[in-house]
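With chain A held as given, fit chain B onto it using these hints.
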Amino acid sequence: MNIMTEQSLENAVGEKMSAKSNEVIKMRGDKVGVFYGEKQALFDVNLDVRLNQVTALIGPSGCGKSTFLRCLNRMNDTIDSARVTGKITLDEEDIYDKSIDVVELRARVGMVFQKPNPFPKSIYENVAYGPRIHGLAKRKADMDQVVESSLKKAAIWNEVKDRLQEPGTGLSGGQQQRLCIARAIAVSPEVILMDEPCSALDPIATARVEELIDELRQNYTIVIVTHSMQQAARVSQRTAMFHLGYLVEEGATDKMFTNPDDQRTQDYITGRFG
Amino acid sequence: MSSLLVLAIVIAIGVVAFFIGRQRAAAHDNGAVKPHSRAHYHGWWAFLLAVLPAVLLLAVWTIGSSFYLDRHIRAALPERTADSKVASEALDVSLVKSLAKGLRKLDADTALPATFAELQPPLAAKGVALASDTQDYMIPIAVEANAVQSRLGLFGAVITLALSIAGAFYALRQIAPRARARNNVEKLMLWGLLAASTIAILTTVGIVLSMLFQTITFFESVSPMGFFFGTVWDPRFAAAGSGGSQGQFGLIPLLAGTLYIALVALVVAVPVGLMSAVYMAEYASPRVRSVVKPALELLAGIPTIVYGIFAVVTLGPFLRDLSAALTGGSPFIQGQSIFTAGLVMGIMLIPVVSSLSDDIITAVPRAMRDGSLGLGATRSETIKRVILPAALPGIVGAILLTASRAIGETMIVVLAAGVAANLTVNPFEAMTTITVKIVNQLTGDLEFNSPQTLVAFALGLTLFVLTLVMNIVALYIVRKYREQYE
Numbered sequence: 001m002n003i004m005t006e007q008s009l010e011n012a013v014g015e016k017m018s019a020k021s022n023e024v025i026k027m028r029g030d031k032v033g034v035f036y037g038e039k040q041a042l043f044d045v046n047l048d049v050r051l052n053q054v055t056a057l058i059g060p061s062g063c064g065k066s067t068f069l070r071c072l073n074r075m076n077d078t079i080d081s082a083r084v085t086g087k088i089t090l091d092e093e094d095i096y097d098k099s100i101d102v103v104e105l106r107a108r109v110g111m112v113f114q115k116p117n118p119f120p121k122s123i124y125e126n127v128a129y130g131p132r133i134h135g136l137a138k139r140k141a142d143m144d145q146v147v148e149s150s151l152k153k154a155a156i157w158n159e160v161k162d163r164l165q166e167p168g169t170g171l172s173g174g175q176q177q178r179l180c181i182a183r184a185i186a187v188s189p190e191v192i193l194m195d196e197p198c199s200a201l202d203p204i205a206t207a208r209v210e211e212l213i214d215e216l217r218q219n220y221t222i223v224i225v226t227h228s229m230q231q232a233a234r235v236s237q238r239t240a241m242f243h244l245g246y247l248v249e250e251g252a253t254d255k256m257f258t259n260p261d262d263q264r265t266q267d268y269i270t271g272r273f274g
Numbered sequence: 001m002s003s004l005l006v007l008a009i010v011i012a013i014g015v016v017a018f019f020i021g022r023q024r025a026a027a028h029d030n031g032a033v034k035p036h037s038r039a040h041y042h043g044w045w046a047f048l049l050a051v052l053p054a055v056l057l058l059a060v061w062t063i064g065s066s067f068y069l070d071r072h073i074r075a076a077l078p079e080r081t082a083d084s085k086v087a088s089e090a091l092d093v094s095l096v097k098s099l100a101k102g103l104r105k106l107d108a109d110t111a112l113p114a115t116f117a118e119l120q121p122p123l124a125a126k127g128v129a130l131a132s133d134t135q136d137y138m139i140p141i142a143v144e145a146n147a148v149q150s151r152l153g154l155f156g157a158v159i160t161l162a163l164s165i166a167g168a169f170y171a172l173r174q175i176a177p178r179a180r181a182r183n184n185v186e187k188l189m190l191w192g193l194l195a196a197s198t199i200a201i202l203t204t205v206g207i208v209l210s211m212l213f214q215t216i217t218f219f220e221s222v223s224p225m226g227f228f229f230g231t232v233w234d235p236r237f238a239a240a241g242s243g244g245s246q247g248q249f250g251l252i253p254l255l256a257g258t259l260y261i262a263l264v265a266l267v268v269a270v271p272v273g274l275m276s277a278v279y280m281a282e283y284a285s286p287r288v289r290s291v292v293k294p295a296l297e298l299l300a301g302i303p304t305i306v307y308g309i310f311a312v313v314t315l316g317p318f319l320r321d322l323s324a325a326l327t328g329g330s331p332f333i334q335g336q337s338i339f340t341a342g343l344v345m346g347i348m349l350i351p352v353v354s355s356l357s358d359d360i361i362t363a364v365p366r367a368m369r370d371g372s373l374g375l376g377a378t379r380s381e382t383i384k385r386v387i388l389p390a391a392l393p394g395i396v397g398a399i400l401l402t403a404s405r406a407i408g409e410t411m412i413v414v415l416a417a418g419v420a421a422n423l424t425v426n427p428f429e430a431m432t433t434i435t436v437k438i439v440n441q442l443t444g445d446l447e448f449n450s451p452q453t454l455v456a457f458a459l460g461l462t463l464f465v466l467t468l469v470m471n472i473v474a475l476y477i478v479r480k481y482r483e484q485y486e
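Residue numbers (our numbering), protein chains in the order written: chain A, 1 to 274; chain B, 1 to 486.
Only chain A is shown next, with the shape it has when bound in the complex (with noise of 0.2 angstroms):
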């Protein structure tokens, strides 16, 4: 039984080695580090996000990837208590630097959520938001234009074309959430974060959502962190490993689970513990 998982698993890892791209850092974190309130719940972290690429972060519960992720475009701000230390830059820039507009940053690196959370508004209008907020499309048509390509991109247009005037809510799950991440390529950003965005899905949603994700990464540099070992070994290239608030290993994914450096890698990744 294990054999064929493993067997399974590098089968999976294998097909990821031929589609090696460019090695261009888009995100960098260094020594990152975050508190909330007293309670320090991240600890020097130094992780790259390469361009292009699916970076996927992994870890038991707890152990600070979902607060890593938030800290790439600056979520954490909207925590009262929340303080982040160290170095994030995107594109050699430091986000935290004042000369940074939160609003820009967050345009330029969108975010899907674990739970689908569309807006109570209509499927175009959920899509049409970002790009109404930002100016990005001047005239209806050009909206419409938006709002078509966004929806094809995320592989949803075909189930909603139409009953674009529908409110999103009345979608199942997973159409949910792939209306989610429509909205967030609407505003063409360079990043796409994702926080578990198939963990409120069923096992064929999710199959839509780790295709589409393969897909997009030809035109954006996509962060997810996952609780299944499975799903990072299918869509990322590179994994970084979290524990405890600490980065404990980051690598090429193939690497990272046939041949990890850590023991506490190899752990998690067998099940072991997590």
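No lab work stands behind these hints, which were simulated from the structure alone.
A few of these clues could be false.
Keeping only pairs whose Cα atoms sit at most 16 angstroms apart, straight-line, the calculated EDC-like set for lysine to aspartate or glutamate is [unchecked claim]: (1) B:Lys-384 to A:Glu-125; (2) A:Lys-26 to A:Asp-48; (3) A:Lys-115 to B:Asp-370.
Not everything, but these chain A residues come out facing chain B in the computed CB check (under 8 angstroms) [what the hints assert, rightly or not]: (4) Met-75; (5) Ala-107; (6) Pro-120; (7) Arg-183; (8) Ala-184.
Distance windows between CB atoms, simulated [stated by the list, open to error]: (9) B:Arg-287 to A:Ser-228: 39 to 47 angstroms; (10) B:Val-267 to A:Glu-190: 41 to 49 angstroms; (11) A:Ser-228 to B:Arg-479: 34 to 42 angstroms; (12) B:Leu-475 to A:Arg-83: 41 to 49 angstroms.
The structure displayed is predicted, hence computed values, not measured ones.
Even glycine gets a Cβ: it sits at the ideal position worked out from N, Cα and C.
For chain B alone, kept in the frame of chain A given last:
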């Protein structure tokens, strides 16, 4: 024996029954059969059976014997004739009753004087004051009434206590390992809760019915068309009772005034309250919130008459003088005006709007905020485009609830809006409201069955229906909104 003493004894019996019952049931705890109910349920069941039927009987007996006593006194009184010294039979009866009450305080062994004039000094010495038209013939009747009453009281006490003891024994005899005392107690609890909730509903029905009957009497002398569609309010107090001219009771000026003032109040309260709710829910740090929110709610705790005094003593004259200074001559804002009343009422309603909306805004899931902020929307864009639209049905409901409070508000408008039933669109003139007229029509010494007084009930019923409809619509909207996030 007084009812209170009987009640105390009944409760004492119940307490004893509780302890005995609990102890007896506990004895079964280690028996071969597993007990159905825990021991204290048996105790409670014994308590309830000892107390409830007995108390009910006592209540019925007390009410019944008071009726019986009334009839007894009435039968003993001499036939009423044209030259009776007491105005009415009801007054006769109540005089006898208070005399009887006074006599009970006198020492039993002293001989009773036969005339009221002789009786008065010893009674006064005991601190009993009696009306001066108490007649001599009432004294024997009062003595007889006292005897009847004490017999009734004694008999009632005996049967109540007997019932209580019987109930306790019945419950105690029932105790057995498989006896379902728990189910019995639960069933009684259910009935108790049902009774409590029925009281509120029955009271409402009672209020509506009492207003309805008076209203029907009112419509016997004034046509409904003239009331609901009349544009002139002129009840002619001076002519009341003299017959012939009845005055005009047009609802329109009052309704217009009510709605106008409520509108002004809402124009003040809704934007301010809503914005303070948004600040409180979205921007304020926990520390600021913990200070500002209670302070705002303090505003809701001020009695409305204080607002009214503020309006009529401070704000009204201030606005009048201000407007006089602005025109350099005659003031265009009157001392009592729609504007003043609406403004003060609006201030009173700010905490209502803000606290209701605050709850609704906080109820919008965090995921909505995160979703919007994550797309690069600013805080105010998030509020404007996501949170407020999502909370809108709830906010509309909150505004309707506030509006019905504004319509029903009385003290502020009594003081600040004036009593003149005008029909005007100028907010700086005085107008009056339905509530003000209800107060006006019911104060004074008019006969209660004149249309001048009865119109208050028609007004009250109109007001009731108005606010009821608004509350129903508001609750419907709020409930619909709640379902959205479940």
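Against the structure, the hints:
no.: 1; hint: B:Lys-384 to A:Glu-125; result: holds (14 angstroms)
no.: 2; hint: A:Lys-26 to A:Asp-48; result: holds (8 angstroms)
no.: 3; hint: A:Lys-115 to B:Asp-370; result: holds (11 angstroms)
no.: 4; hint: Met-75; result: holds (6 angstroms)
no.: 5; hint: Ala-107; result: holds (3 angstroms)
no.: 6; hint: Pro-120; result: holds (5 angstroms)
no.: 7; hint: Arg-183; result: holds (7 angstroms)
no.: 8; hint: Ala-184; result: holds (7 angstroms)
no.: 9; hint: B:Arg-287 to A:Ser-228: 39 to 47 angstroms; result: holds (41 angstroms)
no.: 10; hint: B:Val-267 to A:Glu-190: 41 to 49 angstroms; result: holds (47 angstroms)
no.: 11; hint: A:Ser-228 to B:Arg-479: 34 to 42 angstroms; result: holds (39 angstroms)
no.: 12; hint: B:Leu-475 to A:Arg-83: 41 to 49 angstroms; result: holds (44 angstroms)
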